[in-house]
Amino acid sequence: MLSVVSAVMAGRSRLFVAGSLLSVLVSLGVGGVTQPAVRGAVYALLDSLAFLIVAVPFSALLARIGFFEQCARVIPKKNPHRYLWTLAAAVTAVFNLDASIVLLTPIYLTYARKHNLDPKALAYQPLLLSLLASSLLPVSNLTNLYVVSLYHLSTFAFLRLLSLPSLALVLLGYLLWKRRFLRGLKTPKTSFANEDGEVFDLEGIGVGLSATVLVLIGFIFGPSYGLMPFEVVGVADVLLIAYLGLRCKEIAFHRSWIPLTTALGVGASALAAVSLAGRVSVSLGGSTAEKVAALAISGGVVANVLNNIPAVAAMVKVLHPSGGYELAGLLLGVNAAPGLTVFGTLASILWLSILRSYDLDVSAYEFFRVGLEVVVPSFFVALVVLMTISALRV
Numbered sequence: 001m002l003s004v005v006s007a008v009m010a011g012r013s014r015l016f017v018a019g020s021l022l023s024v025l026v027s028l029g030v031g032g033v034t035q036p037a038v039r040g041a042v043y044a045l046l047d048s049l050a051f052l053i054v055a056v057p058f059s060a061l062l063a064r065i066g067f068f069e070q071c072a073r074v075i076p077k078k079n080p081h082r083y084l085w086t087l088a089a090a091v092t093a094v095f096n097l098d099a100s101i102v103l104l105t106p107i108y109l110t111y112a113r114k115h116n117l118d119p120k121a122l123a124y125q126p127l128l129l130s131l132l133a134s135s136l137l138p139v140s141n142l143t144n145l146y147v148v149s150l151y152h153l154s155t156f157a158f159l160r161l162l163s164l165p166s167l168a169l170v171l172l173g174y175l176l177w178k179r180r181f182l183r184g185l186k187t188p189k190t191s192f193a194n195e196d197g198e199v200f201d202l203e204g205i206g207v208g209l210s211a212t213v214l215v216l217i218g219f220i221f222g223p224s225y226g227l228m229p230f231e232v233v234g235v236a237d238v239l240l241i242a243y244l245g246l247r248c249k250e251i252a253f254h255r256s257w258i259p260l261t262t263a264l265g266v267g268a269s270a271l272a273a274v275s276l277a278g279r280v281s282v283s284l285g286g287s288t289a290e291k292v293a294a295l296a297i298s299g300g301v302v303a304n305v306l307n308n309i310p311a312v313a314a315m316v317k318v319l320h321p322s323g324g325y326e327l328a329g330l331l332l333g334v335n336a337a338p339g340l341t342v343f344g345t346l347a348s349i350l351w352l353s354i355l356r357s358y359d360l361d362v363s364a365y366e367f368f369r370v371g372l373e374v375v376v377p378s379f380f381v382a383l384v385v386l387m388t389i390s391a392l393r394v
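Letter by letter, the sequence shown follows residues 1 to 394 of the UniProt record's numbering.
To be clear, the hints were calculated from the coordinates, so they are not data collected in a lab. Don't be surprised by glycine CBs; every beta carbon is placed ideally from N, CA and C. It is possible that part of the hints are untrue.
[To be verified] Computed Cβ-Cβ distance ranges for the label pairs, DEER-style:
no., residue 1, residue 2, range
1, Tyr225, Leu175, 35 to 43 Å
2, Asn116, Tyr225, 43 to 51 Å
3, Ala391, Tyr151, 17 to 25 Å
4, Leu164, Asp361, 32 to 40 Å
5, Thr388, Gly206, 47 to 55 Å
Work out the full structure: start from the sequences and follow the hints.
Following this line, the structure appears as structure tokens:
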């Protein structure tokens, strides 16, 4: 709980670091976890946390060369909301949720400000779809890859289990997002200077596009050659820094400490996940549909309280879902449900870091309200779809 409380107060980096480290020490002191559990929990999260640390600088470097500003100018001005939602869903599903957060959030923010729309309204699209569209393919989410490797699921089997629930999540999520932010999409909030007369910065967009394509190719083909996503983005960071000719003392990004302090917090949360998952009272008796519901809801609760990555790792070890629909239920819970707390997913924390680099802030209460209005109803409808499929054995 110390780690969770300090995460809520993430605006105070020293408090966050202190709370995270103290939670580890207290857990060790009272015997809540063992040293091997500490090593195992942190080791399981290293790749994800490393990605979190290098992703925000990548976004900041692209912004520095004007890439996002140029991309925002080619988005249709008339009724762009459906187009932007579809784009974020596709990027999340085909590449992964981190690509959607890092690459699309700055573009959507720039577009919103440029056309006098509420920046938060459009910025929420990549965030929401990092939850709603991240269960379609194994590559869409790290939790999916973890489970697929553990249970040896094929891509076809994964699609058969979660394609219809994912479709329900994306479609209903759009309607609920639009209802929640309709006023902000019509009312001017902030504005940029009129730049319609400016010409494209071909060099900036060329360099930015090359870096983006390099990262996306690395996400797709890198694992086959032993390259992890954080290594791909790290290489892109180095290339962009070299292109800009920056010296070490010039590489300072607004609130760049957030990913690092978050890494400590999530590492501490991983320790609590093992303990909490062991105490979750989940009855796996009854029909398959009932087991699916129990795993999905409990997975969502644990992910919201702690974080979805340690949650899925702990719950798979403790609850031993048999695979198939039970596994799909657990993934649906840890992927789509943790939209009530800012620390429910690493993508949410990464998104918040990017918003703060644009001088925008989202309170824990505002985050909770949006999740309650958009994520929760979408999750339960998708859960009903999955339960129906499991009952019919489609």
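Hint-by-hint comparison with the structure:
1. Tyr225 - Leu175: 35 to 43 Å: holds, 41 Å
2. Asn116 - Tyr225: 43 to 51 Å: The hinted range 43 to 51 Å holds for Asn116 and Tyr225, with Cβ atoms some 45 Å apart.
3. Ala391 - Tyr151: 17 to 25 Å: holds, 21 Å
4. Leu164 - Asp361: 32 to 40 Å: Given range 32 to 40 Å: holds, Cβ gap about 37 Å.
5. Thr388 - Gly206: 47 to 55 Å: holds, 49 Å
Against the hints set out earlier in the document, no violation occurs for any number.
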